[in-house]
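Please construct the entire structure, taking both the sequences and the accompanying hints into account.
So the sequence shown is numbered by the working numbering: it starts at 229 and just counts up by one.
No lab work stands behind these hints, which were simulated from the structure alone. What you are looking at is a predicted structure, and each value in this text was computed from that prediction instead of being measured. Treat the hints with care, as some may be off.
Computed list of lysine-lysine pairs in DSSO-like fashion (alpha-carbon distance at most 30 Å, straight line) [to be verified]:
#  : residue 1 : residue 2
1  : K288      : K272
2  : K314      : K296
3  : K288      : K351
4  : K303      : K326
5  : K351      : K296
6  : K303      : K255
7  : K255      : K326
8  : K288      : K314
9  : K296      : K255
10 : K326      : K288
11 : K314      : K351
12 : K288      : K255
13 : K318      : K296
14 : K288      : K318
15 : K255      : K272
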Amino acid sequence: MIFPQLNINVDNVIDQITEESKKTVPKEYAWDFENNDFLLRDGKFVIVEGIEALRVWIWKALQTVRMKYSIYSDKYGHDLDSIVGKGFSKALIETEAKRLTWECLRANSHILRLENFSIALNKDMLNINFTAITDLGEVSVSV
229 MIFPQLNINV
239 DNVIDQITEE
249 SKKTVPKEYA
259 WDFENNDFLL
269 RDGKFVIVEG
279 IEALRVWIWK
289 ALQTVRMKYS
299 IYSDKYGHDL
309 DSIVGKGFSK
319 ALIETEAKRL
329 TWECLRANSH
339 ILRLENFSIA
349 LNKDMLNINF
359 TAITDLGEVS
369 VSV
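Structure (structure tokens):
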């Protein structure tokens, strides 16, 4: 026999890979959200894990315009600038802001869905509030 026969259940392999990827604990450098800078302790970067790392990742992704910085992949960042200051109705902006926010955050496999999504629009400033439901717990976000 030239070609060996393998008895592999593809669904089981996919499930196993999915479970293994869920076991990875996210890590990020701690972030000072008020001063928009890394959080240092004794002059050294602080590393956070788990839900706090997801909070940092979400905040940074929503502060980064997609495709603006070549250091990031084309899947990282947001496209929210496309709806702000364009004269759209608040209803349209809220719908699109939710869609664009989800498009930004779904790049992270730990984030499962968004809940309690709301916006506050003040001229050219868009404030977004929501709860990210993740496989590690809930993260309240305000950007």
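Okay, the hints, checked on the actual structure:
1. K288 to K272: holds, 20 Å
2. K314 to K296: Holds, at about 20 Å.
3. K288 to K351: holds, 23 Å
4. K303 to K326: holds, 17 Å
5. K351 to K296: holds, 23 Å
6. K303 to K255: Roughly 19 Å separates the two Cα atoms, so the pair holds.
7. K255 to K326: Given that 30 Å is the threshold and the Cα spacing comes to 26 Å, the pair holds.
8. K288 to K314: Roughly 24 Å between the alpha carbons, so the hint for K288 and K314 holds.
9. K296 to K255: holds, 24 Å
10. K326 to K288: At roughly 17 Å apart (the allowed maximum being 30 Å), K288 and K326 satisfy the hint.
11. K314 to K351: With Cα atoms ~10 Å apart, K314 and K351 stay inside 30 Å; holds.
12. K288 to K255: Holds, at about 13 Å.
13. K318 to K296: holds, 26 Å
14. K288 to K318: holds, 25 Å
15. K255 to K272: holds, 16 Å
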